[in-house]
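Undergrad: What follows is each chain in one-letter form.
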Amino acid sequence: MSTDLAVEKSKTAKAAAQQPSLLRRIIQRPETSIVLVLLTLSLVLSQSSSAFLTSDNIFNILRNNADIAIAALGVTMVILAGGIDLSIGSTMAFSGLIAAMAVSLGGTTAYQLPSFGLPPAIAFALGVLAGATVGLVNGLLVVRLKIVPFIATLGMLGVVRGLVVGLTSGQTVRNFPIEFVALGQGYIGPVPTPVIFLLILAIIVAIFLSYHVWGTYVYAIGGNETSALLTGLPVDRVKLLTYVLSGALAGVGGVLVVARLGVSAPTQALGYELFVIASAVIGGVSLSGGRGTVLGAVLGAILIGVLNNALVLLRVESYWQQAFTGSIILLSALIDRLRQRRT
Amino acid sequence: MLLEMRGISKRFGGTQALENVHFAVDRGEVVGLLGENGAGKSTLIKILAGVHARDEGDILMDGRPVAIHNPQDAQRLGVAVIYQELNLTPNQTVAENVFLHRPQRMSGLLGKLGFADRARRERETQALFEQLGIVGLDPRRKVGELSVAFQQLTEIAKALAFDARLIVMDEPTSALPDEEVEHLFEIVRRLKARGLGVVFVSHRLNEVRAICDRVVVLRDGQNAGELPIAEASDARLIAMMVGRPIENLYPKRPAQPGEVVLEVEGLTRRGVIEDITFHIRAGEVVGLAGLVGSGRTEVARAIFGADRLDSGVIRLHGRPVRIRSPQDARRLGIGYVPEDRKVQGLVLGMTVRDNAALTVLRQLARGGQFISWPEVERTAQRYVGELQVRPPRTDLIVGALSGGNQQKVVLAKWLAANLNVLLLDEPTRGIDVGAKAEIHALIDELAHRGMAILLISSELPEVLAMSDRVLVMSEGRLVGELSREEATQERVLALASGSR
Numbered sequence: 000m001s002t003d004l005a006v007e008k009s010k011t012a013k014a015a016a017q018q019p020s021l022l023r024r025i026i027q028r029p030e031t032s033i034v035l036v037l038l039t040l041s042l043v044l045s046q047s048s049s050a051f052l053t054s055d056n057i058f059n060i061l062r063n064n065a066d067i068a069i070a071a072l073g074v075t076m077v078i079l080a081g082g083i084d085l086s087i088g089s090t091m092a093f094s095g096l097i098a099a100m101a102v103s104l105g106g107t108t109a110y111q112l113p114s115f116g117l118p119p120a121i122a123f124a125l126g127v128l129a130g131a132t133v134g135l136v137n138g139l140l141v142v143r144l145k146i147v148p149f150i151a152t153l154g155m156l157g158v159v160r161g162l163v164v165g166l167t168s169g170q171t172v173r174n175f176p177i178e179f180v181a182l183g184q185g186y187i188g189p190v191p192t193p194v195i196f197l198l199i200l201a202i203i204v205a206i207f208l209s210y211h212v213w214g215t216y217v218y219a220i221g222g223n224e225t226s227a228l229l230t231g232l233p234v235d236r237v238k239l240l241t242y243v244l245s246g247a248l249a250g251v252g253g254v255l256v257v258a259r260l261g262v263s264a265p266t267q268a269l270g271y272e273l274f275v276i277a278s279a280v281i282g283g284v285s286l287s288g289g290r291g292t293v294l295g296a297v298l299g300a301i302l303i304g305v306l307n308n309a310l311v312l313l314r315v316e317s318y319w320q321q322a323f324t325g326s327i328i329l330l331s332a333l334i335d336r337l338r339q340r341r342t
Numbered sequence: 000m001l002l003e004m005r006g007i008s009k010r011f012g013g014t015q016a017l018e019n020v021h022f023a024v025d026r027g028e029v030v031g032l033l034g035e036n037g038a039g040k041s042t043l044i045k046i047l048a049g050v051h052a053r054d055e056g057d058i059l060m061d062g063r064p065v066a067i068h069n070p071q072d073a074q075r076l077g078v079a080v081i082y083q084e085l086n087l088t089p090n091q092t093v094a095e096n097v098f099l100h101r102p103q104r105m106s107g108l109l110g111k112l113g114f115a116d117r118a119r120r121e122r123e124t125q126a127l128f129e130q131l132g133i134v135g136l137d138p139r140r141k142v143g144e145l146s147v148a149f150q151q152l153t154e155i156a157k158a159l160a161f162d163a164r165l166i167v168m169d170e171p172t173s174a175l176p177d178e179e180v181e182h183l184f185e186i187v188r189r190l191k192a193r194g195l196g197v198v199f200v201s202h203r204l205n206e207v208r209a210i211c212d213r214v215v216v217l218r219d220g221q222n223a224g225e226l227p228i229a230e231a232s233d234a235r236l237i238a239m240m241v242g243r244p245i246e247n248l249y250p251k252r253p254a255q256p257g258e259v260v261l262e263v264e265g266l267t268r269r270g271v272i273e274d275i276t277f278h279i280r281a282g283e284v285v286g287l288a289g290l291v292g293s294g295r296t297e298v299a300r301a302i303f304g305a306d307r308l309d310s311g312v313i314r315l316h317g318r319p320v321r322i323r324s325p326q327d328a329r330r331l332g333i334g335y336v337p338e339d340r341k342v343q344g345l346v347l348g349m350t351v352r353d354n355a356a357l358t359v360l361r362q363l364a365r366g367g368q369f370i371s372w373p374e375v376e377r378t379a380q381r382y383v384g385e386l387q388v389r390p391p392r393t394d395l396i397v398g399a400l401s402g403g404n405q406q407k408v409v410l411a412k413w414l415a416a417n418l419n420v421l422l423l424d425e426p427t428r429g430i431d432v433g434a435k436a437e438i439h440a441l442i443d444e445l446a447h448r449g450m451a452i453l454l455i456s457s458e459l460p461e462v463l464a465m466s467d468r469v470l471v472m473s474e475g476r477l478v479g480e481l482s483r484e485e486a487t488q489e490r491v492l493a494l495a496s497g498s499r
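As given, the protein sequences belong to chains S and A, one line each in that order. Just so we're aligned: 225 in numbering that gives the first Met the number 0 is position 226 of the first sequence, and the numbers increase by one with no gaps anywhere. Just so we're aligned: 338 in numbering that gives the first Met the number 0 is position 339 of the second sequence, and the numbers increase by one with no gaps anywhere.
In isolation and in its complexed conformation, chain S is listed as follows:
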């Protein structure tokens, strides 16, 4: 009798082990650990610098990193589907340049770059379209020509950056109408405009990934492409879409960078792919595909922003920042690896 009871108990214990409690599941989410890191970091920073925990500073961090976070939304989809997009930085610069030329009133630089003085909304759309086009090329290289994503987008990183430098002969484009600059520098209520962009886009992408049929296909393809193919899912079209969306979102980010800085320079967003991919990976998006969330990617971008801000506030020379970000990528990849081993 008593042994039976013991057996029953061990059975329920086993069942409990299979279904972790809600609290445990929340703790185990990668997003939770970023939030904790963020909170700890904020606490430490607010002790060492009174400038940190001011709403101005917080909003500035968000504003300055919204473009990276927006691009991270796109690359998250690509990575979830089992790909990678290294051309982000170049795409951002290209989109920014297209929008800048479209909107620029011209006349300020000695060199005659074309400037069209189009309305900001149209310039914005053209910039995003340019990004989407780069994404389309990436996607076609991967899906049609079967070039591995790493190489295809690495090639495009060079090609597109070269295009930007070539088109501008290394010159900057300036002189934008105030409405365009406001996209990057303005506020809606107390909130910086780029942050509003980020918020809206993040919600759309999150809904797409969790509620749209193709969102689930994205996870399925990243989780097991062969199986997805043999299940009759439109694998190629979904993959193509992720690259196009990644390009378009990088485009949004790129235009916002130009608007925020008031200038399009050929070296703009150079190396941003590092920050963007780091955001996703830090946020728990698995580089082997199929796992991760939009929330994680956005939190990852914010964490990188806060860290960079911390380096500034703590008077670390800016030359060192990239080394820090790189280390964080390695660290988060390590965490991803440990997480995978446990499950």
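Bear in mind the hints are in silico, worked out from the structure with no lab data behind them. You can take every hint at face value.
Covered stretches of chain A (chain S as the covering partner; in silico rule of three or more C-beta atoms under 8 Å from a C-beta of chain S):
#, region
1, 328-335
2, 341-350
3, 364-371
Below, computed lysine-lysine pairings styled on BS3-like, alpha-carbon distance capped at 30 Å:
#, chain 1, residue 1, chain 2, residue 2
4, A, Lys141, A, Lys341
5, A, Lys191, A, Lys141
6, A, Lys141, S, Lys145
7, S, Lys145, A, Lys341
Pulled from the structure, derived: some chain A residues nowhere near chain S, Cβ distances all over 10 Å:
#, residue
8, Glu28
9, Leu109
10, Lys111
11, Asp169
12, Ser173
13, Gln221
14, Arg235
15, Val259
16, Arg280
17, His447
Every residue gets a Cβ at the ideal spot worked out from N, C-alpha and C, and that includes glycine.
Following the hints, complete the assembly by docking chain A onto the known chain S.
TA: Showing chain A alone in chain S's frame:
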């Protein structure tokens, strides 16, 4: 005793994988290790191989306690494990692989500098092959170009190259065509004659009986029993493995075939399949037998649109259809359960619910775009209940389920899709006896509901027992058709091996 494992226990997190397990192998003895998936066979083997550390217990070799902390220790002690996923480097030659652990160096200075003596390596590999009676395997061939059978032989030679005294073979026959199995057994007998101990892990009872001297059965991580081979009947072994007797492994009711559902005519994919013509009626299970590599899988893949056809016509309900991709096939109500569920059939990291609903997300979505998760949950629940997936939960990650239950999820995925035709490729490979009986019952049930089913299997008893008709393939061609009454193991094998 060559090897003795005493009171081995091992926990993984919350699960007790092994509890007080005893296992012994003598010199010149072949011991069968049986048990359902999750019974602890792999854990036991991996402890022996130094992959996992034991929590409790002792390992003795030649009566002396030994410490095995890592694979190198195991190797030094002469324990070789040949896993199902072979550990060979495909781009290197057979000889390089055989002597991977013990590079044959050149004599003199070059050898000291680490240069390998290729000719000697190849000579010694050839010598090992001769000792084992392996013919037709050139040590200079690249391993990646070899058949699975030859790759396995390369692994065995590799084990001998570092003087293994105990060879563990984990399901060595599961990927072998029937005619190669006998060859493997011949080599196992030679190993035995040389005084090596062999542990033979398998699901196939008839093979265990053919080669083993003694059988050890594990169940739920514990010793379930042990029998000398003379007393190991199927019924006793199955009862030991499952813990209860299984009444009927092949529940099959007589079919009432309806009209022709699927017709294929002259299917050809150059160099792979040639002029395949057959039909399946509603409510009929048609078995497709043949040796591995005879083109069975390729026929299914061609019908499903996974591979391109050079010529041929496919008709559904009498109307010709164009199937250029798996998407087309799915739309026409054709489902395909691929032979390797982990690689081809499932997204292991997703939940049972997501996997089960993957084929029908569109139909369950509002306006074909936005998923209604409650609807998906209901659908998944229905199939989890109907197919008795255990545990009966839709929120578990598929990778955490046992093989049999994973396969049920693959089936659920296709049942949800409302099929006319179901192509089953090795639907019970590597699955527990208990779950096997359930999947067989399901196949029978689906046929009774009017589905047309093509059943590909390397397990002849399964094909013979479950099919209404059996088609036999050899070298990419259909070489015969047998009615249920005519189909015997001998006739199918004779046709399959091309000797009519």
